Amino acid sequence: MRKSELVNQISEKTGIPKVDVLVTLETMIKSVKSALSTGENIYIRGFGSFIIKKRAAKIGRNIKKNVAVEIPEHFIPAFKPAKEFMLEIKSSKNIKESNEKEDDNED
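This note's numbering numbers the first residue of the sequence shown as 1 and each following residue consecutively.
No lab work stands behind these hints: they were computed from the structure. Because the structure is a prediction, the values reported are computed rather than measured. Be aware that one or more of the hints could be misleading.
Once the Cα atoms are required to be at most 20 Å apart in a straight line, the calculated EDC-like pairs of lysine to aspartate or glutamate come out as [unchecked claim]:
id : residue 1 : residue 2
1  : K58       : E73
2  : K65       : E88
3  : K53       : E73
4  : K58       : E40
5  : K58       : E70
6  : K3        : E40
7  : K30       : D20
8  : K53       : E40
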């Protein structure tokens, strides 16, 4: 599902104009990015948490030059789903593997 499909679905279910849904969704995304960039985690009960994870410094390798490269410690955004959300997905019977969808399209 793409953002436009999500906006259409929300608009149809709520009766709110698509423009208003899009503005709200964009504002939510900007707010999440802004909070994470300042180091603040976001917790949404029943859905999950947007958190910052710390990656330790390590030695990588430039394959083309065969040279060791030092990768400094850094932070990355991550999403941790809530327990209820995970249980709902696990118990869902409507989920197909993404590989199965691709295989069906190739035939």
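So, going through the hints one by one against the coordinates:
A distance of roughly 7 Å separates the Cα atoms of K58 and E73; the hinted pair therefore holds under the 20 Å criterion. Only pairs whose Cα atoms come within 20 Å are accepted, and K65 paired with E88 is rejected, the gap being roughly 47 Å. A threshold of 20 Å between alpha carbons decides the hint, and for K53 with E73 the separation of about 11 Å falls inside it, so the pair holds. Taking the CA atoms of K58 and E40, the gap is about 25 Å. The hint is violated against a cut of 20 Å.
Of the supplied pair hints, the one linking K58 and E70 holds, its CA atoms being roughly 6 Å apart against a limit of 20 Å. For the hint pairing K3 with E40, the CA-to-CA distance comes to about 25 Å; that exceeds 20 Å, so the pair is violated. For the suggested pair K30 and D20, the alpha carbons sit about 15 Å apart, so the restraint of at most 20 Å is met. Between the alpha carbons of K53 and E40 the distance comes to roughly 11 Å, so the proposed pair stays at or under 20 Å and holds.
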